[in-house]
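**Q** The listed protein sequences correspond, in order, to chains G and S.
So the first sequence is residues 1 to 176, counted in our numbering.
So the second sequence is residues 1 to 426, counted in our numbering.
It is possible that some hints are incorrect.
Okay, the calculated beta carbon distance ranges per label pair [stated by the list, open to error]:
hint : chain 1 : residue 1 : chain 2 : residue 2 : range
1    : G       : K81       : S       : G271      : 35 to 45 angstroms
2    : G       : L136      : S       : D279      : 23 to 33 angstroms
3    : S       : E324      : G       : G86       : 38 to 48 angstroms
4    : S       : R320      : G       : R93       : 36 to 46 angstroms
5    : G       : D74       : S       : E346      : 31 to 41 angstroms
Hints are computed from structural coordinates only; laboratory data are not their basis.
For each residue, glycine too, the CB sits at the ideal point set by N, CA and C.
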Amino acid sequence: MKNVALYLAIAVIAAGCASKETQTDTPVTDKSTGVSQPSRSASSSTTPAQQPSIAGNPLRDPSNILSKRSVFFDYDSNAVKDEYRGLVQAHSRYLGDKRDSKIRIEGNCDERGSREYNLALGQRRAESVKKMMNVLGVSDGRIETISFGEEKPMSPGHDEQAWSQNRRADIKYAGE
Amino acid sequence: MPIFRFILLMAVLLAVSTRAEPQLQIDITTSGGRQIPIAVMPLAGENTQPQAVSEVVAADLARTGLFRLVNTVGISPLPTEPSEVNFPDWTARTAEALVIGKIEPQSEGRVEVRFRLFDVAKQSQLASYSYVVAPAQLRATAHRIADLIYERLTGDKGAFSTKITYVVKRSGRYELQVADADGFNAQSVLASNEPIMSPSWSPDGSRLAYVSFDQKKPVVVVQNLAQGTTRVVANFRGNNSAPAWSPDGQYLLVALTKDGLTQIYRISASGGDAQRLTDSTGIDTQGVYSPDGQWIAFTSDRGGSPQVYRMPASGGPAERLTFEGTYNVGPRYSPDGKSMAYVSREGGRFRIALMDLATKQWQPLTEGGLDDSPSFAPNGKMILYEASVGGRGNLAAVSWDGRVRQRLTSAAGDVQDPAWGPMPTN
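The following block holds chain S by itself, in its conformation from the complex (with noise of 0.2 angstroms):
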C-alpha cells in the first residue's frame, strides 16, 4: 500500500525539516493536525488607512491550514511597543504568538507600517519591522509581514507575495488574468474570443508562455507582463502547444505535430527553429524541466496507455515514472526538484496525485473530478490546480500533504488552467 509507505517518508521528511529551527517552539507534525495559535492584532492607526494590514496578514496566515486565529476582541489600548503588551492576557487566550504594530504617516503621503512578532510563551520578540510606502503597498505590505511571520514561526519561506494567473471563460470570451496569490488585485493581461491555454510563468516572473488559438489553431506566444508585448514564438504547421520554461529563462520546451503525432521540441524563448528532443511512435507532450535544468518530465503513451516519464534535458533515452493505473500525464516538479505532482486517472475520476522521486512513491492529494494542471506554490507548500465541478472550472489548492485544501470560487464565469508565479525577484 504506497500511501502508509508515503507517510512514513513524509514523517522522515518532517523531522529533517523542523531541524531548520523556526525561532518559535512550535512542533508541526501532521499528525493530528496542528495548528499554530496566533494572535493578529489590529495595527494602530490602520483603520484610517485604505487598507486594514492585519486582516490581510491574518488572511493570508489562515489560508494555510498552519495557524489558528486567536480572538483579538476587547484588548484596548491597542499596543504598539513591546512594553505595552501583557502577556498573561493572551496566554490565557492560548495564543502562542503575537502580532502588534502601527502605522504612522510619514512625509510625502508615505505612511511607516511597524510590525513586531512575539513568543508568547518565552514573553520574548521574535522579529521587528519597519516598511515605509505608499498607502497604495499596504497590501503588497502585509503580504511582506504575512511571509516574515511564516518563515519566522514555520521554518519555510511565504509564499504570500506572489502572482498567479489563469484563464477565465464566459459567455464564449477568453481572458488571461494574473492576480495575487489570495485572489485580490485581479488583471486581465489578454481577452480573446478563442481559447486561451497553459500559461506557463517565466523563472523571473517577468512573461507569461502561452497557447493562443488566435489564428485558429494553437500556437505558442510568449507575453512581456511590463510592456504587454506578445510575440508568437512557435507557429509551425499543425498544434503548437504545452509551453514550459527552462530555468534559466533562455528556452521554452514547447509540443508540436509538425513532424506528425505530439512530440517534444526545445526553443529559444524568442522564438526560431525548433529542436526535437523526442522521438517516438505515439504522443509525447506536456515536458517541464527539472529545476536544476537536468531533466525533463513529461507525458508519453509509447508504453499503450498515457505516462509519465523523464529523459535527459538534452533528450536521449526516457526512464517510466508512473506505473499503476492508465492515465498519468501532466507533470510538475515541485520548487526543490525531490517531487512531482500530475494528474492521475482512477475509475473515471481525474486527480492530482503527488510522487516522492527518490522513492517513486506516490499519493493522491484530492478527492478528484475533472482536476488538471496542477501547478506548486515557489514554496513547494501548496499545489493550484483547476478543480472542475459540475462541468464548471474553479481553481483549488492541496498542501503538500494533502492535508490542506482550499477552493477558490469565481462569480465570473469559469476559471482553469491555473500556473503559481516564482517568488518576487527584490
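Just chain G, with the same shape it has in the complex (with noise of 0.2 angstroms):
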C-alpha cells in the first residue's frame, strides 16, 4: 500500500492570491518514460543483428520516407498540413501494395485544455489522415483511429516548442 499523503499546505488561501502561472522550469522526470516510439528509436541503431532487418524493411529504412510515422498540426487544428502529404501518400502507397498489412493511427495533443476533450481532439486528427488515406484508396476496415490525448507527450516541455512536438498523428502498422 502506497500511502501518499496529500499535504494540506495552505489550508485557506484568500480569494485574490490563486494559482500563479509562472513558467517554472519544474523538472519532469516522467511525462515521457515508457513512451518509447518504434520508428524513431530504430533509426541509429547500427548492431549487425539489426542490419539485415533495416535493410529489407522499408517501414525501418531511415533512408525511406516510410520511416517518418508522425503528421504534426497546428494549434486547435486537426488540418494535415501539405508539408506531411508526401508521407500520407507513401503509407498509402505502401499499403496498397501489401494488403495484408492494418495501421493504426494515433492521434495526441498539447497538455492545454481538458483532458478527456483533448482525447476527442487527438481522435479526430487521427481521423483527418484516416481520411486522406481512404482518398488514397485504403479502405476503412484496415486503419483503426485512437487516441493518446495529451497523455503520451512527445516533448515533456511546457512551451511552443515542446507543444508543436505533441500535436500529432502516429502512424502504427500492426505488430510493431
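Could you use the hints to bring the two separately framed chains together as a complex?
**A** This is how it looks when you write it as C-alpha cells:
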C-alpha cells in the first residue's frame, strides 16, 4: 500500500492570491518515460543483427520516407498540412501494395485544455489522416484510429516548442 | 456584466438557505467573509490515543473557510461535562461555539468518544453524541463529529466523511488512489505503466469507472473497490472514454469513436452493447447525468467551438448552455442539480466556472491556468479540481461561491483528474 499523503499546504488561500501561472522549469521526470517510439528508436541502431532487417524493411529504413510516421498539427487544428502529404501518400501506396497490412493511427494533443476533450481532439487528428488515406484508396477496415489525448507527449516541456511536437498523429503498423 | 447578477442571485439563495435555521444564531452571508469563531478543546484522554480527535475536527472545520479556530491554550483542567464549562472564559476569547469531550477505554480494547457542542452566547448545549469504536476508527469518528458540528452550525450537511480519488503520475508510472476527503489514508487501488484517466464514482461509492490504457488504447473499466475486481465494460473499436454513472448506478455514459468522431453512448454498468445517444457530425463527449436522471449535459463542438449542451436523458434535441467564449467543456452538475461547473478558456487560461442553470448566469471560480476536472463535494459546497502550475498537476478546491480556496499538494508527483465520492451510505 502506497501511502502518499496529500499535504494540505495552505488550508485557506484568500480569494485573489490563487495560482500564479509562472513558467517554472520544474524538472518533469515522468512524462516521456515509457513512451518508446519504435519508428525513431530504430533510426540510430547499427548493430549487425539488425542491419538486414532494416535493409529489408522499408518501414524501418531511415532513408525511406516510410520510416517517418508522425504528422504534426497546428494548435486547435486537425488539418493535415501540405508538408505531410507526401508522407501520407507513401504509406497509402505501401498499404496498397501490402494487402495484409493494417495500421493504427494514434492522435495526440498538447497539454492545454481538458483531458477528455483532448482525447476527442486527438482522435479527430487521427481521423483526418485516415480520411486522406481513404481518398488514396486505403479501406476503412484496415485503419483503426485511436487517441492518447495529452497523455503521451513526445516532448515533456511546457512551451510552444514542446507543444508543437505533441500535436501529432503517429502511424503504427500492426505487429510493431 | 454577469458576475454582478450572479452575486445578487447568490444573496437570494443564501437568504433561502439560512431559513434552514442552523441552531446557533450565526449569520453566514458571504459579504465580508464572515467566519464562525469556534473553540475545539482537546478531548480529555485523547493524548494517549493513536489519533488526537480534536485536531482532526478542528482541521476539518478550518478547511472549509467558514470557521475561525479560537485559541484554547491555558484552559485547565479540560472541561468534559457541561457543568465544567466556564462560559465567560469563552465569551472573552470571542468564541461563539465550543466543543468539549472525552475519550474513555471500554471493554475489548474499544474506546468511547463523547463530545458536546455548545452555543457560548446562550450557554446552552446544541449537541451531544457518543461513539464506541476501535482506536483505529478514531480518525473516521473525528470526521463524523466534524460533520455533525458543521451541520448544526451552518445548516448544511458536512462532507468530511467522504472519499476522493485521483491519479498520481510519477516516473512514468500511474496510480489510481483513493483517500479521505482531507487527503489522509491514501491507498493505491490500481497501478499501471500506462495512463489512467477520468475516474468516476458509482453513486453508492462501491465502484470506480475509469479509462485505462493498458490495452495500448483507451478502454473503460469498472473496478469494485471492496473486492478489487475489474471488468472492461467498453472496448469498442477506437476510443472508449469519459465514463459517467447514471444516478441509479445501472448505466454508464461513455464516449466512443466506433462510428467515427467521438459520440456519446449509454452502456450497462456491467458492459454489453452501446446505445448511441448523440448524432452530430462533430465531437460529442463528457456526458454526465443530472442528479434527477432527466438530463445529460455534455461537450459538443457542433456549433464550431466546444460548448456545453444538454439533452433529454434518452437523447434527442440538445439545448446549448454556454455562449460566452470559444471553449467551455466538461460539465458537472451540482448535487442539487441547480448549477453546473465546467472548464472555461479565456485568453489562453483554463479555469473552473459555475453556471446557475435557471438563469444561465455564470462566473469564473478560479484564477485559472490549466484547471481541469471539476468535481462537487456531495454537499455541493466545495468543488475539487485539477490545477496545473508550471506543468505539474496538483489538486485544489474552491467553494461554490469562489470565496474559499484550498490547495492540496503532493510530494509524490503529478496529481490529476480528481473526483469527489458520494456521501457514505451508513
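**Q** Taking each numbered hint in turn, which are not upheld by the structure, reported in ascending numerical order?
**A** When the structure is compared with the hints, only number 5 turns out to be violated.
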